[in-house]
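Asker: Chains as they are written, first to last, in numbering that gives the first Met the number 0: chain G, 0 to 273; chain C, 0 to 136.
It is possible that part of the hints are untrue.
[What the hints assert, rightly or not] Covered stretches of chain C (chain G as the covering partner; in silico rule of three or more C-beta atoms under 8 Å from a C-beta of chain G):
(1) 16-27
(2) 32-44
(3) 91-98
(4) 111-121
[Claimed, not checked] In silico negatives: residues of chain C with every beta carbon more than 12 Å from chain G:
(5) 0
(6) 49
(7) 64
(8) 70
(9) 82
If you are wondering where the hints come from, they were derived from the structure by calculation, not from laboratory data.
These numbers come from a predicted model, not from an experiment.
Ideal placement from N, C-alpha and C gives every residue a C-beta, glycine not left out.
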Amino acid sequence: MIPANFDYLRVDSVEGALNALQEHGDEAKLIAGGHSLLPLMKFRLSAPAYLVDINRLDDLKYVREENSHLVIGALTRHSDIETNPLIKENAGLLASATHHVGDPQVRHRGTIGGAIAHGDPASDIPSALLALNATVVVTGPEGAREIPIDDFFVGFLETDLKDDEMLTQIKVPCVPDAKWSFQKFNRRAQDWAIVGASILVNNGQSGISLVNMHSTPFRASAVEEAIASGANAVEASEQAAIGTEPTSDINASVEYRKHLARVLVKRGLEEAGL
Amino acid sequence: MEPRTLLVQYIRESAGLTGTNIGCDTSSCGACTVHLNGESVKSCTVLAAQVDGMEITTIEGLAQADGTLHPMQQAFHECHALQCGYCTPGMVMACASLVEENQNLTENEVREGLEGNLCRCTGYHNIVKAVLEVSGA
Numbered sequence: 000m001i002p003a004n005f006d007y008l009r010v011d012s013v014e015g016a017l018n019a020l021q022e023h024g025d026e027a028k029l030i031a032g033g034h035s036l037l038p039l040m041k042f043r044l045s046a047p048a049y050l051v052d053i054n055r056l057d058d059l060k061y062v063r064e065e066n067s068h069l070v071i072g073a074l075t076r077h078s079d080i081e082t083n084p085l086i087k088e089n090a091g092l093l094a095s096a097t098h099h100v101g102d103p104q105v106r107h108r109g110t111i112g113g114a115i116a117h118g119d120p121a122s123d124i125p126s127a128l129l130a131l132n133a134t135v136v137v138t139g140p141e142g143a144r145e146i147p148i149d150d151f152f153v154g155f156l157e158t159d160l161k162d163d164e165m166l167t168q169i170k171v172p173c174v175p176d177a178k179w180s181f182q183k184f185n186r187r188a189q190d191w192a193i194v195g196a197s198i199l200v201n202n203g204q205s206g207i208s209l210v211n212m213h214s215t216p217f218r219a220s221a222v223e224e225a226i227a228s229g230a231n232a233v234e235a236s237e238q239a240a241i242g243t244e245p246t247s248d249i250n251a252s253v254e255y256r257k258h259l260a261r262v263l264v265k266r267g268l269e270e271a272g273l
Numbered sequence: 000m001e002p003r004t005l006l007v008q009y010i011r012e013s014a015g016l017t018g019t020n021i022g023c024d025t026s027s028c029g030a031c032t033v034h035l036n037g038e039s040v041k042s043c044t045v046l047a048a049q050v051d052g053m054e055i056t057t058i059e060g061l062a063q064a065d066g067t068l069h070p071m072q073q074a075f076h077e078c079h080a081l082q083c084g085y086c087t088p089g090m091v092m093a094c095a096s097l098v099e100e101n102q103n104l105t106e107n108e109v110r111e112g113l114e115g116n117l118c119r120c121t122g123y124h125n126i127v128k129a130v131l132e133v134s135g136a
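Take the sequences, apply the hints, and build the full model.
Answerer: Next up, the structure:
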């Protein structure tokens with residue numbers, strides 16, 4: 000399968016990428032690891048006229064600790080995140096969720112920024128970032144702006160990113176003492192989650208989110224509220240499907256997905272010591 | 000070359016190196032695995048234009064010039080880690096990259112590390128054995 004034709008532009012700076020986006024508007028698409036975009040293009044579900052390759056923007060590949068936050072460059076590859084000691088120590092949930100993405104070859108190419116910008120509710124990484132209360136930094140012609148992760152995902156494969164903006168950084172609060180668990184239910188090793196759950200418990204506060212249970216990555220607020228009011232794992236997990244609107248497909252019915260959400264949240268909460 | 004040329008297409012059709020196979024064409028099966036700057040990637044999901052100037056190693060480049068097999072090829076040979084052979088080039092490339100990143104793999108880590116490569120014949124058993132042979136566990 001070959002994508003529809005396009006013009007290939009390679010840029011070597013954020014400025015270059017923004018200029019290309021400004022010039023070509025919604026006819027242009029940024030390509031990072033390409034493991035979401037290229038399959039869409041090969042299936043002809045997406046046919047951008049211009050492909051702007053940002054893979055060589057090496058200054059967007061980093062993981063640093065600043066003011067009790069992990070600051071992660073948008074082009075950092077999954078394989079560098081899952082093995083990064085700073086991330087393992089301060090946001091183990093993100094390292095674990097990233098390890099569950101695809102397979103080693105996919106993780107050598109895929110980037111954290113690309114995974115978020117794609118806005119796929121079935122992706123593992125947005126769920127971990129929701130539970131961790133991350134902030135997304137995007138850069139446009141007017142400069143950078145910060146978007147709380149809860150406001151970033153606005154619809155199915157839709158984010159708050161404007162046509163002339165690019166995602167440049169992710170900030171994650173350091174939670175070295177948090178207990179966490181990433182749960183993923185699928186039938187074959189490298190598959191997408193039929194349902195997944197990110198669980199983070201830290202000093203009575205919790206961050207709970209679900210994979211593939213809604214049109215967007217989904218925060219399970221009802222579970223978080225139950226935990227805040229002192230519920231145990233069994234009681235809190237009963238709230239897991241509240242507010243979700245999962246789809247029915249060949250892998251699972253709506254009811255089965257809701258059942259899985261409750262089971263996975265319970266397992267995760269127990270693993271996180273609640 | 001058209002910008003939409005896939006890396007695997009370039010390798011097979013332009014470079015004439017047909018050791019790299021196309022299986023699923025959707026980055027699931029791993030048959031097209033090659034090394035990009037030393038790391039395993041699925042060449043059906045990379046554009047040839049993206050890797051301009053980078054180092055690509057295919058199965059043809061794994062053995063030494065005098066024909067001495069790469070340790071992973073040797074281990075596949077000795078452990079009989081193949082039957083029909085279709086997945087083998089991608090499997091060997093994925094296994095070599097896996098061991099390059101971690102020299103002390105457990106059996107479980109090997110099985111997990113091969114989640115991106117499908118083999119319809121062997122049941123994976125002898126492939127896992129070959130990788131463990133090389134990783135020295």
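Asker: If you count the residues of the segment 91-98 of chain C with a beta-carbon closer than 8 Å to a beta-carbon of chain G, do you get 3 or more?
Answerer: holds (count 3)
Asker: With a cut-off of 8 Å between beta carbons, are at least three residues of the segment 111-121 of chain C near chain G?
Answerer: Held - the segment 111-121 of chain C has 5 residues with a Cβ nearer than 8 Å to chain G, which meets the minimum of three.
Asker: Quick check: do three or more residues in the segment 16-27 of chain C have a beta carbon closer than 8 Å to a beta carbon of chain G?
Answerer: The restraint on the segment 16-27 of chain C holds, since 4 of its residues have a Cβ under 8 Å from chain G and three suffice.
Asker: Could you check that no beta carbon of chain G comes within 12 Å of the beta carbon of residue 49/C?
Answerer: violated, 6 Å
Asker: Confirm or reject the statement that residue 0/C sits farther than 12 Å, beta carbon to beta carbon, from all of chain G.
Answerer: The claim is violated: residue 0/C sits with its nearest Cβ about 10 Å from chain G, within 12 Å.
Asker: In terms of beta carbon proximity below 8 Å, does the segment 32-44 of chain C have 3 or more residues touching chain G?
Answerer: holds (count 7)
Asker: Does the claim that residue 70/C lies outside the interface with chain G hold up, using a Cβ gap greater than 12 Å?
Answerer: Non-interface label on residue 70/C holds, nearest chain G Cβ at 19 Å vs cutoff 12 Å.
Asker: Since residue 82/C was said not to touch the interface, does its Cβ keep a gap of more than 12 Å from each Cβ of chain G?
Answerer: holds, 21 Å
Asker: Against chain G, does residue 64/C hold up as non-interface, every C-beta pair farther apart than 12 Å?
Answerer: With a cut-off of 12 Å, residue 64/C remains clear of chain G, as the shortest Cβ separation is near 27 Å.
Checked against the numbered hints above, the structure breaks hints 5, 6 and satisfies the rest.
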